[in-house]
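**Student:** Per the working numbering, the very first residue in the sequence shown carries number 1; after that it's consecutive.
It is worth saying that the hints were derived from the structure and are not from the lab. Check the hints yourself; a few may be wrong.
Distance ranges between label pairs, derived from CB positions [what the hints assert, rightly or not]: (1) D183 / Y25: 24 to 34 Å; (2) H176 / P117: 30 to 40 Å; (3) L95 / V143: 45 to 55 Å; (4) T39 / V143: 18 to 28 Å; (5) D43 / L152: 45 to 55 Å; (6) T172 / R151: 22 to 32 Å; (7) S170 / E24: 43 to 53 Å.
For clarity, every value in this text was computed on a predicted model and none was experimentally measured. Every residue gets a Cβ at the ideal spot worked out from N, C-alpha and C, and that includes glycine.
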Amino acid sequence: MKKVFAFAIAALLFFAAPALYAAEYAGDIQVNAGYSYFTVIIDHGKDINSDSLALGIANHNLWKFTDLFSFGFMENVDLGGSAKEGDGSSFYFSLMMGPAAAFNFNYGISLNFSFGPVMGCASVDIDEDSFIDWDGLGCEADVQVKFFADRLFSPVLGFSWIHFSSDKMSFTLDDHSDEFYRDTSSDVFKAYAGVSVNF
1 MKKVFAFAIA ALLFFAAPAL YAAEYAGDIQ VNAGYSYFTV IIDHGKDINS DSLALGIANH
61 NLWKFTDLFS FGFMENVDLG GSAKEGDGSS FYFSLMMGPA AAFNFNYGIS LNFSFGPVMG
121 CASVDIDEDS FIDWDGLGCE ADVQVKFFAD RLFSPVLGFS WIHFSSDKMS FTLDDHSDEF
181 YRDTSSDVFK AYAGVSVNF
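Please work from the sequences and hints to get the whole structure.
**Tutor:** Here is the structure:
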């Protein structure tokens, strides 16, 4: 079975290589900022919600197979934290890499989609002296509109959903930390605007 799988991958690469060679590369680096709604559910119990400021850096590596369609992969780093301090304040960090596709329209408008696995970590303050934190695996979906995509600089508007979960969390009180096995599910809904440097 492993030989069949390896042969299928090799055949796919063999037939895809000429298409990639002929396709036009269209990459970018993006910096964005926005608003995120962060929520966590612990052991299927009461959820904790928090509004957060969010920053992100993304990189698209796409190949234009036709004037309309591009395909490739994307990496994304997200960092968010609530503006308030103390009870209920939150922080999260996520790293994603996965396939991406773009539909290119007239007037330099591009609609980009990406979906892939994500690694994340987060922390929520219970009060001034205690907080919980955890890390886990999950997935992320991102959709964005890029304007003037055929120019060097492009404004970007987008929305992303980040989800990661863990079966273990840490509780810290006055610099003393203990680990507990708790099912922890985290979701981030982020709306953002940014600028893309295209190359």
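**Student:** Hints first: check each against the structure and report whether it holds.
**Tutor:** Do the hints match the structure? See the list:
1. D183 / Y25: 24 to 34 Å: About 43 Å separates the Cβ atoms of D183 and Y25, which means 24 to 34 Å is violated.
2. H176 / P117: 30 to 40 Å: Holds, since H176 and P117 (Cβ atoms, about 34 Å apart) stay within the stated range.
3. L95 / V143: 45 to 55 Å: Cβ of L95 to Cβ of V143: about 19 Å, so the range 45 to 55 Å is violated.
4. T39 / V143: 18 to 28 Å: 20 Å, holds
5. D43 / L152: 45 to 55 Å: With Cβ atoms ~50 Å apart, the hint holds.
6. T172 / R151: 22 to 32 Å: 48 Å, violated
7. S170 / E24: 43 to 53 Å: Because 48 Å falls inside the window, the suggested range holds.
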